[in-house]
Each structure stands twice: as structure tokens, then as C-alpha cells.
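**Q** Go ahead and model the full structure; you've got the sequences and the hints to work with.
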Amino acid sequence: MELKFVGAAKTVTGSCYLLELAKTRIMVDCGMFQGIRELRALNYSDFPFDPREIDFLLLTHAHIDHSGLVPRLCKEGFKGQIVSTAATRDLCGIMLPDSGHIQELEAEWRGRKGERVGEPHIGPLYTADDAEKSLKFFNPVPLDKVIELNDEASVRFREAGHILGSSIIELWVRSGGSRRKIVFSGDLGCVNQPVIRDPAFVADADVLLVESTYGNRVHEDRLTRIAKLRDTVNRTMERGGNLVIPAFAVARTQDVLYELSRLMEKGEVPPLRVYIDSPLAVAATEIFERHKESYDVEMRELIDAGRDPFDFPGLTFIRSTEESRALNEIKSGAIIISASGMCDFGRIKHHLKHNLWRPESTILFVGFQARGTLGRRLQEGEKLVKIFNEEVAVKAEIVSIDGFSSHADKEALLYWVKNFRSLPEKIFVVHGEEEASNEFASTLRETLGAWTYVPDRGDVIDIETGKIISEARATDTAQQQAELLASEKELQDILGALARRMREWKTGRDVKSLSETNRKLRELIRSARDLIYEVGSR
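Every number in the working numbering is 150 more than the matching position in the sequence shown, counting from 1.
Don't read these hints as lab results, they were simulated from the structure.
Computed from a predicted model, the values in this text were never measured in an experiment.
Quick reminder that beta carbons are idealized off the backbone N, C-alpha and C, glycines included.
Among the hints, erroneous ones may be present.
To be verified - Derived DEER-like restraints, expressed as beta-carbon distance ranges:
| hint | residue 1 | residue 2 | range |
| --- | --- | --- | --- |
| 1 | GLU443 | GLU614 | 16 to 24 Å |
| 2 | ASN569 | HIS271 | 49 to 57 Å |
| 3 | ILE186 | ASP294 | 33 to 41 Å |
| 4 | ARG423 | GLU256 | 29 to 37 Å |
| 5 | PRO421 | PRO198 | 52 to 60 Å |
| 6 | LYS536 | ASP461 | 37 to 45 Å |
| 7 | LEU373 | GLU256 | 54 to 62 Å |
| 8 | THR471 | ALA353 | 48 to 56 Å |
| 9 | GLU614 | ALA257 | 39 to 47 Å |
**A** Right, dumping it as C-alpha cells:
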């Protein structure tokens, strides 16, 4: 029995784990890598397994960093079952085709750009049609019920409290007379948050994989979070600006709506014009309304009293591009909630372009911003950013509220692990940037005396013994592929710029910029040659 860490090891995205039994191959999650270019390039690398040989894919939840490569998996031959909760299946039904559409748009943009400089066309990772076809493999199951997958494995999905339908996975495996229990935390939510129920506690496990997105941070408490939201709204409205909130379409948008509706109901903020400008968020909110069984007591009581936080005066759901463009004409008094949450694509980029340069407006971040994203750069204080190839000065107020996170913080993660009746023999700390994972692993060792390990992508462990039987190398082939793909993209950009500069030089313009471009080109060529040599020598 072997478990391979395919993704979300020393990084937050690309969740994927592969369990190989005597006769069965089970994957947990098949997520897309997001963030910096080197990580995104991994989405195009060969899978380190044959998709045709996977029997079951268990999905913890629908977020793209956990489900985003499902269409590619199916496109490349997967014929097994995708097992998830019904809510996860429904959310994937809108999120995966949306992701496919984004892949198509990005491929089209790359094609137009490459055609101008003679670059080969690179097609989309998958299409919206590929995503639609992958949905037929889903087999939804209820929470809290043990499901026999086959004679080697049983599974139970438990509430994770992260987003609608999110799950902790308990997996019992049998192989060659040996029986082991593996628990995958998935993404754990915060305790005592509105809308979704709290994470369930698990009694026992031989092996635990626990997330660590905020393994080195403590969130603001809910009262502090609400006060900060109230003050940000009032301050922005008094200045005569707009409040722009980049938010994930699933969970974060609904959490923000909940708190805004309660603030207005209590009279702590004035009646507001709130616009949800994300077709995906609109569709996701409709799915939330269909799965009220996932709501916590507080949310159900509000709905029973006729005070639905997703339906209040002043709330407008934007569907068409024409309606979205019209929002750009609003100069004050609007709260615009739009995706993507990390500002790398989607309608949010238009709203940032029209509001970042305005000192009276505010950009409010309510979720995690991965390294390399536009959202992270704004959080870190960049004063000039490029949006749609235009430089935009950052003069708006930038505010971040940590407490809105759908991820448990360090204290909540520790509390969840403490509630195992018996400590798992082996704890693997995953789904976190390296410093967060390392710090949380140290916390578990020092506080609970736990055996912990922070795996690298590509590590393989023996489930029966818990021993690491194959450690990934920093220069493994997949990593080299990713670095080479990233360097190739940079080379293509430089070559395009060089061609333009050459045309300028021929007209007699200053060659200083040409010399600088040429220098960068030589450096990149040397880097690419080194990578090619290293890959070829392995």
C-alpha cells in the first residue's frame, strides 16, 4: 500500500494524492496548480500516473485547486467513478465548465499574441465541452455513511465546514491481510462561522493528511472581522467611493453577503447597493439555496424567519456583460463583489482597473492571495500594476480582513487534531506554503508529541509502515518540465519583444532597449540549456 503526494505539498494548490493498493488505485482530489508561473506550468506536465488505471477519484470539495484537473483526467482516459457529496457534484457542474471556458479564452489570447511573432499555437488545457463530459463520471454519496468502494476500500465523507459540500474523507483500506485507516482533512473551515456547519471531529486514524493553509497564522475573531467590515464600508461611503471586493464565487461571496445583510439589518451601515458581478457566484448562490441541509442553525433560523441573507433590498445579481460594463459608470456608493478572488482573471480585473486609481475607493481582500497573483501584489503594497496591458496607479485604500477565510487558522487546526481520541501514528502536513506547513508540523510535535512530516511533491510513503520509501528530488523531471515551460514562455515573450525592437532599430531608433532585451535573451537561453542538460542527463 503506497501513497504518493502528487500536489499541494509545500504549496497551497494542486491538491492530489494517489493511493495504490494490490488491485485498486484511488486518487483523492485532482486540483489545478495556481499562482506563480512555475506552478501553473505543472498543469501542462504529464500526469505521474496513467489516468486509465485510476479506479476511483474521491473529491473533498469543488474548489478549482482541488477539482480543476478533473476534465483533463477524463480527457486522457479516466473511466472510473468520481465520488463526492451531491453539493460538490452540483458546484463542479458550474465551476468546471467555467474553468474550461477560461482555458479556451486564455488559449485564444495566447494564439493571437503568438501569431504576431510566429510562435506555435498551444491549445487549451481542456475545453468547456471536456468539462461537461467529465460530469457523467460523478457518483454523489451522502455524508456520514460508510460506502464500500470494493473489497479493498471503504470511504466515509464527513462535514469539513469549508464550503458547501466540502468533506473530510475517512478511507479504510485492506490489502494483503493488512488494514489501515487514512484520513484526509481536505480544507477545514472555521468553527462558529455563519452559513455552513462546523467541521466534524474524527475519532481515529493510522495516517492523517492535514491541511496547513494558515498553519502559521491566527485569524481575527468574528467580532473584530465584522467591526472591520462595518468601518471599511462606512469610511468608503463617506469618501464618496466604491468598495470593490475580490471574492471567490463559492463560499466567500456568500459569507460576505451574510455579514453585509446583518449589518444593514442592525442599522450599522446605511442601506447599500450591492452588486454580485460574477456569473459563477450567481449560479453558486442558487446552488446554496438548493442545499439548505448544509446550513448551520443560525442560517436556518434566519431563513425560517423570512430574513434570507441572500435576498435583501439593494442586492443585484449581474448576469450579462452589458450589465457588468454599466457598473464601471458608478462612481460612488456601490459595493461590487466579483471574481476571481485572487484577481488574476474574470470581471474583477475590470472593476480594479476602474477603481484602483481612485483614492476615494477601497479594495477589500477577504481571502487568501497566493504568491504571484495580482491580489497578493496589491496586498504587499505595489503602487503600479498592469491590468489588460495597461499600467494602473494604486491610489485606492487596500484593506485585508483575515477572519473571512474559509480555512481554519493555526489554533483551529490544532484544536481539530487534538479532538482525535487517539493521536494518528503518522501526520503528514500538506496544503500550505512551506513556512506555514513547517511551522504547523513543529506545533503538532511540540504540543502533542506527534510524528509529523512535510512532504515534497513526488514523495511516496508505505501506508503499512508509515515509512517514506521514495523521496522526491528537487530536480525531478516534473519540476524540470515546469521550470522549462516557464522559461520557454519567457523566451517567447523576449523573442517577440526582440523582433519589435529589431524593427525599431532598423528605422534608426535608439538601440539601448535592444541591447537590454538581447542581454536578457542570452541569460534565458543559458538557463534553458542548463535545464535541458539536467533533464537529459537523468
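**Q** State for each hint whether it applies.
**A** We went through each hint and held it up to the structure:
At about 38 Å, the beta-carbon gap between GLU443 and GLU614 misses the expected band of 16 to 24 Å. The given range of 49 to 57 Å is respected by ASN569 and HIS271, whose C-beta atoms sit roughly 53 Å from each other. Roughly 38 Å separates the CB atoms of ILE186 and ASP294, a value that falls within the hinted 33 to 41 Å. Between ARG423 and GLU256 the beta carbons are some 32 Å apart, a value that agrees with the proposed interval 29 to 37 Å.
Under the hint 52 to 60 Å, the C-beta atoms of PRO421 and PRO198, about 54 Å apart, fit the expected range. Between LYS536 and ASP461 the Cβ separation comes to about 38 Å, which falls inside the hinted range of 37 to 45 Å. As the Cβ distance of LEU373 to GLU256 is approximately 41 Å, the hint placing it in 54 to 62 Å is violated. A beta carbon spacing of about 50 Å between THR471 and ALA353 agrees with the range 48 to 56 Å that was offered as a hint.
Between GLU614 and ALA257, the C-beta spacing of about 44 Å keeps the proposed range 39 to 47 Å intact.
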